[in-house]
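Protein chains: 4
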Amino acid sequence: MEKPHGLERMIFFSDAVIAIMLTLLALELPVPEGDTATALWESLSEHGAAYLAFGISFAVIAATWVAHHMLFTHVHRADPPLITLNLLALLAYVLVPWASKTLAESTGGAGVALYSAVMAFLGLSMLLVLRHVRRAGLLGPETPAAVIGGIRAWTVTTMLMFALTIPAAFFFGRPVMFVWPVVYLGLRLAAVLYTRQGRRATVEKHVEKHVE
Amino acid sequence: MEKPHGLERMIFFSDAVIAIMLTLLALELPVPEGDTATALWESLSEHGAAYLAFGISFAVIAATWVAHHMLFTHVHRADPPLITLNLLALLAYVLVPWASKTLAESTGGAGVALYSAVMAFLGLSMLLVLRHVRRAGLLGPETPAAVIGGIRAWTVTTMLMFALTIPAAFFFGRPVMFVWPVVYLGLRLAAVLYTRQGRRATVEKHVEKHVE
Amino acid sequence: MEKPHGLERMIFFSDAVIAIMLTLLALELPVPEGDTATALWESLSEHGAAYLAFGISFAVIAATWVAHHMLFTHVHRADPPLITLNLLALLAYVLVPWASKTLAESTGGAGVALYSAVMAFLGLSMLLVLRHVRRAGLLGPETPAAVIGGIRAWTVTTMLMFALTIPAAFFFGRPVMFVWPVVYLGLRLAAVLYTRQGRRATVEKHVEKHVE
Amino acid sequence: MEKPHGLERMIFFSDAVIAIMLTLLALELPVPEGDTATALWESLSEHGAAYLAFGISFAVIAATWVAHHMLFTHVHRADPPLITLNLLALLAYVLVPWASKTLAESTGGAGVALYSAVMAFLGLSMLLVLRHVRRAGLLGPETPAAVIGGIRAWTVTTMLMFALTIPAAFFFGRPVMFVWPVVYLGLRLAAVLYTRQGRRATVEKHVEKHVE
Chain G
1 MEKPHGLERM IFFSDAVIAI MLTLLALELP VPEGDTATAL WESLSEHGAA
51 YLAFGISFAV IAATWVAHHM LFTHVHRADP PLITLNLLAL LAYVLVPWAS
101 KTLAESTGGA GVALYSAVMA FLGLSMLLVL RHVRRAGLLG PETPAAVIGG
151 IRAWTVTTML MFALTIPAAF FFGRPVMFVW PVVYLGLRLA AVLYTRQGRR
201 ATVEKHVEKH VE
Chain P
1 MEKPHGLERM IFFSDAVIAI MLTLLALELP VPEGDTATAL WESLSEHGAA
51 YLAFGISFAV IAATWVAHHM LFTHVHRADP PLITLNLLAL LAYVLVPWAS
101 KTLAESTGGA GVALYSAVMA FLGLSMLLVL RHVRRAGLLG PETPAAVIGG
151 IRAWTVTTML MFALTIPAAF FFGRPVMFVW PVVYLGLRLA AVLYTRQGRR
201 ATVEKHVEKH VE
Chain Z
1 MEKPHGLERM IFFSDAVIAI MLTLLALELP VPEGDTATAL WESLSEHGAA
51 YLAFGISFAV IAATWVAHHM LFTHVHRADP PLITLNLLAL LAYVLVPWAS
101 KTLAESTGGA GVALYSAVMA FLGLSMLLVL RHVRRAGLLG PETPAAVIGG
151 IRAWTVTTML MFALTIPAAF FFGRPVMFVW PVVYLGLRLA AVLYTRQGRR
201 ATVEKHVEKH VE
Chain F
1 MEKPHGLERM IFFSDAVIAI MLTLLALELP VPEGDTATAL WESLSEHGAA
51 YLAFGISFAV IAATWVAHHM LFTHVHRADP PLITLNLLAL LAYVLVPWAS
101 KTLAESTGGA GVALYSAVMA FLGLSMLLVL RHVRRAGLLG PETPAAVIGG
151 IRAWTVTTML MFALTIPAAF FFGRPVMFVW PVVYLGLRLA AVLYTRQGRR
201 ATVEKHVEKH VE
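Residue numbers (the numbering used here), protein chains in the order written: chain G, 1 to 212; chain P, 1 to 212; chain Z, 1 to 212; chain F, 1 to 212.
Hints listed in this document are in silico derivations from the structure and should not be mistaken for laboratory results. Do not rely on the hints blindly, as some may be mistaken.
[What the hints assert, rightly or not] In silico DSS-like pairs for lysine-lysine, Cα to Cα no more than 30 Å straight-line:
1) Z/Lys-3 x F/Lys-3
2) P/Lys-3 x F/Lys-3
3) Z/Lys-3 x G/Lys-3
4) G/Lys-3 x F/Lys-3
5) P/Lys-3 x G/Lys-3
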């Protein structure tokens, strides 16, 4: 299960970019003011949108990183198109702090639309990576199909959710962003169930193999 | 003692986040002014709270990283809940520069309360990681109990200290922050003693084993 | 193909610097404003130069990283001059966000000239690395000549393009920057063709060897 | 020559901190303005101190990283004091961008004094690391004495240079900073010579061993 050097370096490079981006997300959070508990609470509420945007971004990126992590556990080698597609995903990742800042500062629906566009682009790039590793046979022979299916289901639904909130943002304005946490928790639950099923399937396969 | 790829990548990702956060802590330190030694000293004193906040944050994060480092030396594999709990700890880590900036800029007790809350949350997430690795059997068979006990004792006391300064900050205001270095040095001493005891216990166990 | 520790650490250090730089590129992108799709679009257009500068920098750095990646797959050991030359390349890399910001903010040709100078310096430092690894025999014995030739051809042409736009920027002003994407896409195509040829050559060599 | 996991992680963590710090150094460089070559050159000259401060910091940090790199090639295991001393060195490293900014912005000698103090502290922490690895027997048995001697000589002289410019800055003001590049180039030359001698000594030792 030792990975070749080129693949290791690509995974490392991606992790470094994602780690930096995740840390930068919190860097420009507004500093609350106030000398009493009430004043502090009011100051925190006032910048509520910025904290919510940070929370959503952290959760989406963390979940996407976990999916990336699960996928690349099963990738056994890299080829030039995988490196290019992965760089496309990194382009989407590095735009997240900027999209997050726009979401926090824009008062109308435009910030929500731009944020949705960046997140939908991230989902799309992950799907292209996923499709390529399957078609080009870069996955190991023992990769459980249910895990890959679960990652794809999660990525497709996240991408669709953000793609749909692009036009919705211009109709319903900023409140559309409250749809994300709700849908996201549902998706997360579904992802957990899918993954669990995948793991069970793997165990059954192992058992069958040993019984034969 | 070779670690599986998924665990390696999780440790690497955590280290990258902590390293970036530690470096960003110092980035926004106020630039002192003055053409003479006296003027420079006065300017440094004026921003004293910011430098003290940086010093405390650096010391707490460095000690927490050492605890993380010692714990993960003995963790032999990762499972999905460990990855989720570790991401929770990373959420706490990335909030530290923001909490540190709030501590430096807020003149009343509110900054101290917010900083304490983030640090208590970091301690809590580390405790959840610690509890999970023990319950789920992710530790190696030769893990010395005293080392794990020492890490837990240090984390619990740090967390309690910060939890107690949340309400205290509103009563006594900003001077509460001077309690931290004092308690911290005591804890550090206790941690060193605990670890030493743990190492001695391991040595004795090894000796017993070889004598038998 | 296991690399020695010193070489691994140098590659890791370079990747960390490039990953941070790539993430910082997007950090200072202007935040667009506007409550409607039209207003958002206008705001995005207004800052068009900054987004274009980011896009070009991301593409050039990504391609340079791929070249670095391909080259170091074949480097088998490091010596002190390689470490020094690689640090020179890192100096060029860390200047890119600054050059990119200058390109976005300067309204005349001077920003284009400075950006071109940094990029030409990056190309030059990569050529010095390339020349050294060949002359000092740091490449593995099975390195395909066509791959190294392709990397060199790409680096030389990119460097020449940026070197030529330094004086051109003062004559023709800012529009010179639109030359880059056009030339770049041509070079990229050439690089792909070169690499493909290199890989075919390697395959043929392998086949020949096995036939003999 | 495989390093234990704890040591690998400590080296990785240090490299990540140094890489981030090095990249951040260039982030706040002033953006030059001007539409003509003359105006650009004037703007660059105006901010000359900031560029010079960046250049000096990059060179000193790069050289210190090379020394760190050379030293840790020969370190075979880590113990708790080494981790603490290395964290002390990292504290010095993360203060460099702040010191560099102070050097660029302060018009009198105070900026030079503060910068010198941070750099002298970095040298001191490196010397403490060096002394500990030798006393605690953490170096491998084949470590060439001349390499360690060269690293120590370089670190001691750099530290002394910066320690001496702390008081000198208050007497002679800012021009003291021009002493650094001059002394530095001399030291660099001496370091190269020392290292070369060390390598020759190792070769001779190997030869002797094989002759016996």
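Check the hint pairing P/Lys-3 with G/Lys-3 against an upper bound of 30 Å on the C-alpha distance.
holds (13 Å)
Assess, step by step, whether the Cα of P/Lys-3 is no farther than 30 Å from the Cα of F/Lys-3, and give holds or violated.
With Cα atoms ~13 Å apart, P/Lys-3 and F/Lys-3 stay inside 30 Å; holds.
30 Å Cα cutoff - pair G/Lys-3, F/Lys-3
Answer holds: G/Lys-3 to F/Lys-3 is near 19 Å, not above 30 Å.
For a C-alpha distance cap of 30 Å, please report whether Z/Lys-3 and F/Lys-3 respect it.
Holds, because 13 Å separates the two Cα atoms, which is no more than 30 Å.
Restraint status (C-alpha distance of Z/Lys-3 to G/Lys-3 at most 30 Å):
holds (13 Å)
Every hint, counting from the list given before, is met by this structure.
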